[in-house]
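Join the two chains into one complex using the hints; note that each chain is given alone, in its own frame.
So the sequences go chain by chain: A and B. 104 is the number that full-length UniProt numbering gives to position 104 of the first sequence; each next residue is one higher, with no gaps. 169 is the number that full-length UniProt numbering gives to position 169 of the second sequence; each next residue is one higher, with no gaps.
Please keep in mind that the hints were generated in silico from the structure rather than gathered at the bench. Since we're looking at a predicted model, the values are computed, not measured. Fair warning: there could be bad hints in the mix.
Straight-line alpha carbon distances no greater than 35 angstroms define the calculated DSBU-like cross-link-like pairs of lysine-lysine that follow [what the hints assert, rightly or not]:
#1 K10/A / K210/B
#2 K41/B / K118/B
#3 K210/B / K249/B
#4 K240/B / K41/B
#5 K228/B / K83/B
#6 K131/B / K118/B
#7 K259/B / K245/B
#8 K250/B / K233/B
#9 K222/B / K148/B
#10 K259/B / K83/B
#11 K192/B / K10/A
#12 K10/A / K133/B
#13 K10/A / K41/B
#14 K131/B / K10/A
#15 K10/A / K249/B
#16 K192/B / K83/B
#17 K84/B / K240/B
#18 K107/B / K250/B
#19 K192/B / K81/B
#20 K10/A / K240/B
#21 K84/B / K65/B
Just the calculated beta-carbon pair ranges, DEER-fashion [what the hints assert, rightly or not]:
#22 T214/A / E96/B: 44 to 54 angstroms
#23 R61/B / L85/A: 53 to 63 angstroms
#24 D90/A / A60/B: 28 to 38 angstroms
Facing chain B, from chain A, some residues (calculated, C-beta under 8 angstroms) [to be verified]:
#25 Y18
#26 F77
#27 T80
#28 Y83
#29 S84
#30 R89
#31 R99
#32 Y102
#33 T175
#34 T179
#35 T181
#36 R190
#37 D191
#38 A194
#39 A195
All residues carry an ideal CB built from backbone N, CA and C; glycine is no exception.
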Amino acid sequence: MIDIIQQYWKAFLWTDGYHLSGLAVTMWLLVVSIAFGFFASIPLAIARVSRSKWLSRPVWLFSYVFRGTPLYIQLLFFYTGMYSLDIVRDVDILNHFFREGYNCTILAFGLNTCAYTTEIFAGAIKATPYGEIEAGRAYGMNKFTLYRRVIIPSALRRALPAYSNEVILMLHATTVAFTATVPDILKVARDVNAATYDSFNAFGLAALIYLCITFILVALFRKAESKWLAHLRPMKA
Amino acid sequence: MRKVITAVSLALMATSFGAFAKDWKEVRFGVDASYAPFESKAPNGQLIGFDIDLGTEICARLKAKCVWVENDFDGMIPALKAKKFDGVLSSMSINEARLKEINFSAKLFNTPTRMVAKAGSGLQPTAASLKGKRVGVEQGTIQEAYAKAHWAPGGVEVVPYQNQSLVLADLASGRLDASLQDAIQADEGFLKKPEGKGFAFAGGDLNDPKTLGTGAGIGLRKEDTDLKAAIDKAIAGMLKDGTYKKIEKKYFKFDVYGK
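Looking at chain B on its own, in the form it has when it is part of the complex (with noise of 0.2 angstroms):
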């Protein structure tokens, strides 16, 4: 019932005043929730995590209602388009085939991508280190695209897997030398638990703007201008007041905003 207030209230509000609040009374962001910590679902069906809260906090400054529409990752791009949705929030990265086809916000986070091996290897991210080594990368990944331009040419056996898991598998059977992954994902979905016993993290986060793109944003329809104005102002007016680092505590002990 409160929630239906604050809805309605809201949208008294937005009608009552704000000038792009005239055309966006509610905005509906398309997630996958299956990305924990950025995006899941608690037992009882309610989405939580990192962009859901991001995302119910622009709303708040948009003064329009939040109404999340749940879609696979696959076909995020294509439904956007549809209008089944405003924007896509669901830790989508900002890259250059993207950006041909949708617009993105400004950067809600950039989370670092880096190698794990096994522990004392002494294997570093680098085309020399690794010359001649086996590297695991899930196939369609920005990490994919970084180990294909800058350490295939140099002799590295980049092995693309169908998912991750299957990557991860497979280096703690010993088929892989290394693996290069979201750290975030590895260190939640491998390091932390019994079977990435005697793996770590070799090397530090990698950048490559090119390849591993600038951080994920809320993907746009390219027509609505208007709306990516409106979102950009909200994520800025967070990142100055202290609105983000607060929600940023709740999930990462680390800056997750990033370079």
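Chain A on its own, in the form it takes in the complex (with noise of 0.2 angstroms):
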């Protein structure tokens, strides 16, 4: 186990001596594709409850198709499919985007936690209570003021226990990136194990780390919720 760390901690922190890898790989990619899913979402669930079918219907079949398949088959569709097309690779911005592991690895993960963040919030969207859009309304409030004021803040805040699950599944789901050769925690873990045939301690050590980064984010979100859910705790007696 000493062993171990001494020669790898480098490499599951941050650097195999050539490249980032480990905690440095997956962290950026947790935050890069859980960004673009937060900010893409927003509308998306907007859309998706929207009353014309020309909006929902497609947010709907998008989220139907990126829910509907494992992350690992949209991850191999990105990386490896789109990359064995000629169209892709004669078309010079295509090329050099699906060219590096990374980009497809960030496109497949970003839109796939996009799906699921785009129904967390429409299904809280939906739930907002009548009284608060009645509120707003008998302020003379216009559509897009309703949205910005009154329904996305509040349905914002009910989704965060529901969000606090998809990110930290998330974390668990960056541990297929590696299929991509994108070098991250389990991929060192991985690269230990065949040097030592030290699985117990390989794999532990990643399921380690892993729980640190949870425990932070549980922290994280914990404080997130008593901040901003304080009005929906239940009246001390």
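Okay, structure coming up:
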């Protein structure tokens, strides 16, 4: 165990000597895909609950496809599948984008978490108490202002517990990244396992790192919930 | 029925003579039958391949009964230590990390490591020729160790992959400039197939005992020194009397024993 830590701690945390690896890569994947998923999912969630079928149906289809297929297959599709097409390799910008494993991984992860987040936010918007909307209307707010001032802030707050779950699941999902040659924490653990045959400690160490990240994520979401969901806490007797 | 008779008669012979036969009436070999032409399964479920024939011959010379136990390659060393079987006969390369855990018989064969690139690319398996190029290797293989030790410091982009089929897929699609792997695996699994059209071996066999090891042997428990002595004697015997060459010819057109 000590030997493994001494030899591999750098690779586990940030570099294998030539490139980023381990924790740094996992966190980068997580932060970028979650940020993309969050910002893209707010307009998509509004479209998803829209009365217009032209708006809601395409979003429904997008989230159905990305929630209905395994992330692993999505990653293989973007990494191996797309790049085997001549049209992708012939168009310069597509060739540049899909050549890099990192880009394919972020694309797959971002779209995947975006689909789940859209459904979480759409559910929260649908569950907005009618009184809040009525109150807004009584003030003479138009639809845009109503969404901006009342519905979105209220929905995002109520979505926090479900959203924190999605972020942690996304962290776990990053372990498939090495399929696209992106060297995350699990890849380093596999290196250690292949080099030492000490499977217990190799994977145990990786599990410990994931536990630490989850611990920090849970603490952050606790803090966020106690701040933004204070109004929904049960009253003290 | 005939097999049973042979086994019984072998066992009877084993009990009547032989010094080590007293201890090793039965030798159990662990095998991962997923690596043709070394070890694989015939459509009827029977184990076939170069390793299987070598093992059968070794058992005959030991006057012991051969029992084959199927096991995943990943878990071979723990299973060997847990006495699920007595030897690993599954194209296991002899290297330093494995020697810390287990012992090996004398070398059974040493397949060459070679680079594959686009035909006519002019690339050579040297750091100078590959500078700035992307070379794919399978994670955890001796080839990865070689590329990282000799090429990565010279500015070659060495990209490890989860498995060999992903390496070859990216070589075919043009993401990689070259790939480094076992020559037989590249030949059987890629170059001879339609997707390997336009690709060829680049440069000759690579040699480096430190990373590429000294070939494959039978993995044995460290305490079974008597079994190692017996197996080594059997291997030396079949190399000497031409039995090895005879078995080799069944599978390979070239010298698989190597240097």
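Right, here's what the structure says about each hint:
1. K10/A / K210/B: 24 angstroms, holds
2. K41/B / K118/B: Cα-Cα ~32 angstroms, so holds.
3. K210/B / K249/B: Measuring from Cα to Cα gives roughly 29 angstroms; hence the hint holds.
4. K240/B / K41/B: The given pair, whose Cα atoms are some 29 angstroms apart, holds under the 35 angstroms limit.
5. K228/B / K83/B: Holds: K228/B and K83/B sit about 15 angstroms apart, inside 35 angstroms.
6. K131/B / K118/B: Judged against 35 angstroms, a Cα distance of about 16 angstroms means the pair holds.
7. K259/B / K245/B: 15 angstroms, holds
8. K250/B / K233/B: Answer holds: K250/B to K233/B is near 23 angstroms, not above 35 angstroms.
9. K222/B / K148/B: 30 angstroms, holds
10. K259/B / K83/B: Between K259/B and K83/B the Cα gap is close to 32 angstroms, so the pair holds against 35 angstroms.
11. K192/B / K10/A: Measuring from Cα to Cα gives roughly 41 angstroms; hence the hint is violated.
12. K10/A / K133/B: 25 angstroms, holds
13. K10/A / K41/B: Violated, because 42 angstroms separates the two Cα atoms, which is more than 35 angstroms.
14. K131/B / K10/A: Status holds; Cα separation ~25 angstroms.
15. K10/A / K249/B: 48 angstroms, violated
16. K192/B / K83/B: Answer violated: K192/B to K83/B is near 39 angstroms, above 35 angstroms.
17. K84/B / K240/B: Since the Cα atoms of K84/B and K240/B sit roughly 32 angstroms apart, the hinted pair holds (cutoff 35 angstroms).
18. K107/B / K250/B: 19 angstroms, holds
19. K192/B / K81/B: With Cα atoms ~38 angstroms apart, K192/B and K81/B exceed 35 angstroms; violated.
20. K10/A / K240/B: 50 angstroms, violated
21. K84/B / K65/B: 16 angstroms, holds
22. T214/A / E96/B: 44 to 54 angstroms: The hint (44 to 54 angstroms, Cβ to Cβ) is violated, given that T214/A and E96/B are roughly 36 angstroms apart.
23. R61/B / L85/A: 53 to 63 angstroms: 55 angstroms, holds
24. D90/A / A60/B: 28 to 38 angstroms: 59 angstroms, violated
25. Y18: Holds, about 6 angstroms.
26. F77: 13 angstroms, violated
27. T80: 6 angstroms, holds
28. Y83: 5 angstroms, holds
29. S84: 5 angstroms, holds
30. R89: Hint on R89/A: holds, closest Cβ of chain B at ~7 angstroms, below 8 angstroms.
31. R99: Since chain B brings a Cβ to about 6 angstroms from R99/A, closer than 8 angstroms, the hint holds.
32. Y102: Hint violated; Y102/A Cβ to chain B Cβ min 12 angstroms, cut 8 angstroms.
33. T175: 12 angstroms, violated
34. T179: OK, holds: T179/A within 8 angstroms of chain B, min 6 angstroms.
35. T181: 5 angstroms, holds
36. R190: 6 angstroms, holds
37. D191: 7 angstroms, holds
38. A194: 3 angstroms, holds
39. A195: 6 angstroms, holds
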